[in-house]
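Residue numbers (the numbering used here), protein chains in the order written: chain A, 1 to 226; chain H, 1 to 318.
Simulated from the structure, these hints should not be mistaken for lab results.
Just so you know, these numbers come straight off a predicted model, no measurement behind them.
Worth double-checking, as some hints may not be accurate.
What the hints assert, rightly or not - Here are the computed distance ranges between Cβ atoms for each label pair:
#, chain 1, residue 1, chain 2, residue 2, range
1, A, I195, H, L308, 42 to 50 Å
2, H, D275, A, V198, 27 to 35 Å
3, H, R98, A, L191, 19 to 27 Å
4, A, L49, H, E249, 54 to 62 Å
5, H, E131, A, V198, 50 to 58 Å
6, H, E131, A, V186, 33 to 41 Å
7, H, F290, A, F34, 26 to 34 Å
Claimed, not checked - Simulated crosslink set (DSS-like; lysine-lysine; CA at most 25 Å straight-line):
#, chain 1, residue 1, chain 2, residue 2
8, A, K60, H, K282
9, A, K187, H, K316
10, A, K127, H, K292
11, H, K101, H, K179
12, H, K166, H, K108
13, A, K60, H, K292
14, H, K168, H, K108
15, H, K115, H, K253
16, A, K131, H, K292
17, A, K187, H, K282
18, A, K162, A, K84
19, A, K131, H, K262
20, A, K187, H, K253
21, H, K253, H, K108
22, A, K127, A, K60
23, A, K187, H, K262
24, H, K316, A, K127
25, H, K316, A, K131
26, H, K253, H, K168
27, A, K93, A, K30
Every residue, glycine too, gets a C-beta built ideally from N, C-alpha and C.
Listed below are the residues making up each chain.
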Amino acid sequence: MVMLMKLLHFTKAWIYERIFNQMRNIVYWKLLLFALSLLPAVALVWMALQNQLGANPVEKLIHETGEWGLRFLLLTLAITPLRKKFSWNVLLKFRRMLGLFAFFYAFTHFAIYLSLEHFFDWQEILKDIAKRPYVTVGFVGIVILTVLAITSFNGIRRRLGKRWVVLHRSVYVAASCAVFHYLWLVKADILEPVIYAVIWLVLLAVRRQAKPTQQQSTLQARSQQV
Amino acid sequence: MLIKVKNPADVTENDVTDAQLFAQRRSFIRASGQIALGTALGTLFTPSIVDARGQPLKAKKNTRFNTSETLSSYQDVTSYNNFYEFGTAKEDPAINARHFKAQPWTVKVDGAVNKPGNYAFEDIINLNQLEERIYRFRCVEAWSMVVPWVGVSLASFINQFQPSSKAKYVEFTTLYDPKRMPGQNRAVLNWPYVEGLRMDEAMHPLSMMVVGLYGEVLPNQNGAPLRLMVPWKYGFKNIKSIVRIRFSEHQPKNTWQIAGPKEYGFYANVNPQVDHPRWSQKRERRLGEFLKRETLMFNGYADEVASLYQGMDLRKNF
Chain A
1 MVMLMKLLHF TKAWIYERIF NQMRNIVYWK LLLFALSLLP AVALVWMALQ
51 NQLGANPVEK LIHETGEWGL RFLLLTLAIT PLRKKFSWNV LLKFRRMLGL
101 FAFFYAFTHF AIYLSLEHFF DWQEILKDIA KRPYVTVGFV GIVILTVLAI
151 TSFNGIRRRL GKRWVVLHRS VYVAASCAVF HYLWLVKADI LEPVIYAVIW
201 LVLLAVRRQA KPTQQQSTLQ ARSQQV
Chain H
1 MLIKVKNPAD VTENDVTDAQ LFAQRRSFIR ASGQIALGTA LGTLFTPSIV
51 DARGQPLKAK KNTRFNTSET LSSYQDVTSY NNFYEFGTAK EDPAINARHF
101 KAQPWTVKVD GAVNKPGNYA FEDIINLNQL EERIYRFRCV EAWSMVVPWV
151 GVSLASFINQ FQPSSKAKYV EFTTLYDPKR MPGQNRAVLN WPYVEGLRMD
201 EAMHPLSMMV VGLYGEVLPN QNGAPLRLMV PWKYGFKNIK SIVRIRFSEH
251 QPKNTWQIAG PKEYGFYANV NPQVDHPRWS QKRERRLGEF LKRETLMFNG
301 YADEVASLYQ GMDLRKNF
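One chain only, chain A, in its complex shape:
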C-alpha cells in the first residue's frame, strides 16, 4: 500500500514536472518564433538606415512587406493541416502569433501604400481602391485581417463563442485576396505569384479533404442507425 502511494506520488510529481517544463519550453519556443518572425522587419529597417534598399527604397519596402505578409498568412493556414497530419497539437499554440505577424506585415505594407506611395491623398486612394481590381482585393484582404487581429484576444474569443470560429474562417478569404492581389499586379513574370497560388490551393485542398471524411463518418453513423 505504501509502495503504491509512493508510486502514485512520484507519478504525480513526474507529470507536474513534465507539464511545467513543457509550458516553460513553449514560452521559449514562442520567444524564438517571435524573434524569427520579427527578423525581416528588423532587416528592412536596418537596410533602410544603411541605404541598402536599392535605387527605389519605397518600392522595395512595399514589395518586401507585402510578400512577408503573404508568407505569414500561408504559414498560419498551414498550421491546422500539419497539426492534423502529424497530430502535433502543440503547433496550435503558435497559430495566433503567426496570424498576427501576417497582419503586422500586411498592415505595414498598406501603411506604406497610404503614406509613401500616395501621401494620404484620400481622393486618389479611394479612386485607386474602387477602380483597380488588384487594389480592391488587396484592400478587402487588409480589412479582413484587421478584424481578425482585433478579435484575436482570448476575452473576445470567449465572448464570441462559436461565432468566433466562423468569423476566423474568413482568413481563407483574406489569403485568396492576397494571392490574387499579387497575381493581378505583376506585369509579365507571374512565376512567383503562381508559386504562392499553388501553395494556397494545396492548403485549400487539404482542408477540403478533411471535410468530406467528417461527412462520411456522419453518413456512416446514420446508415448504421438505420
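With chain A fixed as given, assemble chain H onto it according to the hints.
This is chain H only, laid out in the frame that chain A set:
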C-alpha cells in the same frame, strides 16, 4: 521673341561626378558591402557593386535639349534596370549581364532601304562623332531618372542606310541568344524583343542611338552595345542590344503591345492624363527622391514633339 537666360551647359558640368570622387565612392560602397548583414538575409539585398564599368568615351556635350535637373546617380542608373533578357527583377540585369560580351557586334539592316546588309558595330558608329545629352527617362512603371547618354542622333544613324520612300516605320530587334541572355530561357515575353517608331519620330532631333552613359561605354545591363533613346516615350520603347533594323510600310507590333494590348500601345508617349489600366501615370518617383513628382506631358518635351501627334486621339493611340 524667345530669350533663354539660363545656360544649361553650366549645370551639366557641375552635375557630372568627376572620376576621382567616383572611384572613392565605389571603394566606400565595396567596404560597406563587406560589412553587410549575414548571408541568411542575402536575398533581401540589392547588389551594390557594379563591375561592368566600361572604357571612357569621348563625347561633345550637346546641350540643345539638356535638362537642368539633377542627374541620377551612376549606381542607380546601372543597378535598377528593366531588361527581362537578363531576369525580371530590377537587380537581375546587373548580376546576370556581368559576363555578357557586347563586342564584336553585327547589325542586320533590311527592308525598305537602299543600303541593306550586315554591318559591324564599328562601321556604323563613328566613335569620333559622339555627343552627350542629358535626358529625362520615364518608365511606364511610374519611376524616372535623369541620365547623361552618349551616342549619335538617330536621324544621322538611319540616314547612312538611305531608307527608301516606302519606309514609313522602322523596326528594331534585340539579340535572341538564350545562352548569353539567360532571361530568354523563360517565355516571360515573346522573344526576341521588338520595338518600332514612325519614321518622323525616328528622324526627330531628340531621338538618339545610344552607345554609352556617364562618359563611358554602355554597361551591359543598360543595353550594350547599342540602344535606343526616345525621351518623350515610356522606357520600354528604348529597345536594348539591337541586332536588326528593318524599314517597312507597316506599323510593327512591339513586344509589350503583344504581351498586353490593353495596357501597352505602339506610341507609348509619356502622358499623365492617360492612366495605365492598373496604375496612375499622373505622378512619378524620381530615383533618389522621396516625394513624387508630377509627370509632364511628353515627359517635358511637349514643345519639341507635340506637333508630331496633332489631330491624334492620344487616349486611343496610347
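Inset, instruction - For the pair supplied as a hint, K93 of chain A and K30 of chain A, confirm whether the alpha-carbon distance does not exceed 25 Å. - result: The given pair, whose Cα atoms are some 8 Å apart, holds under the 25 Å limit.
Legend entry - K253 of chain H paired with K108 of chain H [C-alpha distance capped at 25 Å]: holds, 19 Å
Legend entry - Satisfaction of hint between K316 of chain H and K187 of chain A, Cα-Cα up to 25 Å: At roughly 21 Å apart (the allowed maximum being 25 Å), K316 of chain H and K187 of chain A satisfy the hint.
Inset, instruction - Would you mind confirming whether the straight-line C-alpha gap from K60 of chain A to K292 of chain H stays at or under 25 Å? - result: holds, 16 Å
Inset, instruction - Check the following: the C-beta atoms of R98 of chain H and L191 of chain A are separated by a distance inside 19 to 27 Å. - result: For L191 of chain A against R98 of chain H, whose Cβ atoms are near 22 Å apart, the range 19 to 27 Å holds.
Inset, instruction - Mind checking the alpha carbons of K316 of chain H and K131 of chain A for me, to see if they're no more than 25 Å apart? - result: Status holds; Cα separation ~19 Å.
Legend entry - Pair hint outcome, K115 of chain H versus K253 of chain H [Cα-Cα no greater than 25 Å]: OK: K115 of chain H and K253 of chain H at ~24 Å, within 25 Å.
Inset, instruction - Take a look at whether the Cβ-Cβ distance between E131 of chain H and V198 of chain A falls inside 50 to 58 Å. - result: About 51 Å separates the Cβ atoms of E131 of chain H and V198 of chain A, which means 50 to 58 Å holds.
Inset, instruction - Would you check the hint for K131 of chain A and K262 of chain H, treating anything up to 25 Å between C-alpha atoms as holding? - result: holds, 15 Å
Legend entry - Distance restraint hint 54 to 62 Å, applied to the beta-carbon atoms of L49 of chain A and E249 of chain H: 57 Å Cβ-Cβ, so the 54 to 62 Å window holds.
Inset, instruction - Sort out whether K60 of chain A lies within 25 Å of K127 of chain A, counting only the CA atoms. - result: Holds, at about 24 Å.
Inset, instruction - Decide if the proposed pair is consistent with the structure: K131 of chain A and K292 of chain H, CA atoms, cutoff 25 Å inclusive. - result: holds, 21 Å
Hint compliance for this structure: every hint is met.
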